[in-house]
Amino acid sequence: MFGFRYLTALGCFVASLTLATSVNAADPTKVGFVYVGPVADAGWTYEHDRGRLAVEKEHGDKVETVFVESVSEGPDAERVISQMAAEGADLIFTTSFGYMNPTIKVAKQFPNVKFEHATGYKRADNVATYSSRFYEGRHVLGLIAGKMTKSNTIGYIASFPIPEVVRGINAAYLAAKSVNPAVQFKVIWVSTWFDPGKEADAAKALIDQGADILMQHTDSAAPMKIAEERGIYAFGQASDQAAYGPNAQLTAIIDDWAPYYVRRVDEAMNGSWSSTDTWGGFDTGMVALAPYGKAVPDDVKAMAEEARKAITEGRLHAFTGPINKQDGSPWLKAGETADDGTLLGMDFYVEGIEGSLP
Amino acid sequence: MIMIEARAVTRWYHEWIAVFIALLLTAATVSVLLASLGLDPISSLQRIFIRPLNSVYGVSELLAKATPLITIGVALALGFRAGVWNIGAEGQLVMGGLCGGAVALAFWNIDGFWVMPLILLGGTLGGLAWGAIPAFLKVRFNANEILVSLMLTYVAILLLSVMVHGPLRDPTGFNFPESRLFHDAATLPKLFSAGRGHLGFVFALIFAVLGTWVVKRWHLGFEMRVTGLSTSAAKFAGYNRDRTVWMALLIGGGMSGFAGVVEVTGNIGQLVPNISPSYGFTAIIVAFLARLHPLAVIPAGLLVALSYLAGEAAQLSLGIPAASTQVFQGLLLFFLLGTSLLVNYRIRFGRVA
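Sequences listed follow chains A and B, in order. So the first sequence is residues 451 to 808, counted in the numbering used here. So the second sequence is residues 538 to 890, counted in the numbering used here.
Note that these hints are calculated values from the structure, not bench results. Treat the hints with care, as some may be off.
[To be verified] Some chain A residues close to chain B (C-beta under 10 Å, calculated; not the full set):
no., residue
1, Y496
2, S522
3, V746
[To be verified] Covered stretches of chain B (in silico footprint by chain A; criterion: 3 or more residues with CB under 8 Å from a CB of chain A, positions within the stretch not fixed):
no., stretch
4, 708 to 716
5, 808 to 819
6, 852 to 860
Glycine is no exception: its CB is placed at the ideal position from the N, C-alpha and C atoms.
Only chain A is shown next, with the shape it has when bound in the complex (with noise of 0.2 Å):
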């Protein structure tokens, strides 16, 4: 890729010497990782780090990597990135939303360093971009929530209004009312991404207004922990969450980013690397699931794997028509399913939930 911008600028005899002088480098490749919180024993940043460890595992020696936790999406995380690409990173993780404008922007001034911005959607012939498909495994959560509720009312704790997490809420309900036509979400936004004390009070809520079963789209252990307490189900997410409700969770969405930054650090090295937009689900181990609690019947596990090997194989789309948006206006007409476009800019809910958007 830059190889060719060498050779226009250069001339056939630099272009051969740095060609030259990339493969006979003795040096490891030097992988960095930028991350939004600590490092801690589960959640995001959590997975990310096990992306980074499966790296070092499987390229031993020849990779070197690196990571800076606990940066803020503000100013400083241009300073960060900037530092690592000085100090020779050859590719760089840059795991948070807010990290996207800072990403373009130093790649910018290191043109022969590679970077990889997780979840937005600025790319460069240098920025490659990547996030999963969550809403799969929403589905499959769904499915299982709308089997499992006796209140038939599940509690919802939400994040940020932005399309990831609707589309997750959507999926999840279109799911759960497919296989139980009573059951009402309940969503309580908290504006964040992780803070135990107002997760935990937003589940108590929750619990209060008739829910049975808690859905999370944010990081902290707490509101599993409620559940535990209460004596009700909960979700796991982003990772297996079983330690915090070993009867409480039904099972868990666990972000994989192993498969991926193996691969992509493998590409690095052999120079197949170009600037891509990864959306992997099921079917890349992208998107994974925790074993099914103790509570799931065997009826609805056959259910749930089904429903994940058909999402996996292509078979089945979680946003599959006759769909309304929540105004009643139509969405997709019956068998069409939505594309990526839609997906990655849905800012409405679909006909069925209460309550309005932030």
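Keeping the supplied structure of chain A fixed, place chain B upon it in accordance with the hints.
The following block gives chain B in isolation, referenced to the frame of chain A:
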């Protein structure tokens, strides 16, 4: 027997010697910690504290990080001297960033020499207004300014969040809570070709000089100082406490607001939900490190800024966890404040006289 006794005379260089001793003690303690982690202390210290600064880029980034700390630190030093405890500079900074950013977005893609001054004015007024609330409540109802200004910080942060989720959201940004990127006329010029050091640093230096002048030469500064030292003396002298409260909080609010708008236009280039990694709170430490001398705020701000860069360098090149930043800062503060005792007191060994 070890005794601590007051010095009969304190000389100007005592303060500097104390700072020097504090730095040495910090370096020594950090060395011990590094050695206990199995790292070579000398080369590690060099990597953590010197390497971030051995390029134009590094210095430029240091200045960018120190800019809001110095700007707010100067304002707080003035206010604290007057005994007005404005703990809410963080909120005033956020309001400044929000209001200035809103002006920038209102004039999006409009060029003109007047755009930038208007943005800076908008930000300053935003911070000023936020500082005026605790001032009014203090003067009118004697409400505690520490509580009011602190609580207003959270209001300001939530207000910023509402705005970037709603009215100020980038219309082409897929609903993500961020504003558009500011255009060039709404971006502060950079000082160097590398890094993000921007014109705001020059303003910060000017503020520090102006602040010193206010303290030393202006009657207002004297009035504020007297009020801070003794309310009854100030009353006896006929000074108006209310005026001091207003001045301290308006200066604090206005300059914190200025720091906020400078941060968004110089450093970030757009409005995001999170525009400050607690600069407003860290500036309190900076002000006290500088012993409330506006000019001394400059080195204090640079030093604290360096401690952040050092924390990142430690993670990057040595693989030490993020908590190391806090350890560096904690040690530095501990020793600086501890050795300050030596400025006015001295330790004597010997028998009780």
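Hints and how they fare:
Violation of the interface hint for A:Y496 is found here, the shortest Cβ-Cβ separation to chain B being roughly 14 Å, above the 10 Å cut-off. The interface hint given for A:S522 is met, as the beta carbon of that residue sits about 5 Å from the closest beta carbon of chain B, less than 10 Å. Of the supplied interface hints, the one on A:V746 is violated, with its beta-carbon coming no nearer than about 34 Å to a beta-carbon of chain B, more than 10 Å. As drawn, the stretch 708 to 716 of chain B meets chain A at 5 residues by the rule of a beta-carbon pair under 8 Å; at three or more, the given contact holds.
With 6 residues having a Cβ less than 8 Å from any Cβ of chain A, the stretch 808 to 819 of chain B passes the three-residue criterion, so the hint holds. Only residues whose C-beta sits within less than 8 Å of a C-beta in chain A count toward coverage, and the stretch 852 to 860 of chain B has 6 of them, enough to reach three; the restraint holds.
Violated hints, in rising order: 1, 3; the structure is consistent with all others.
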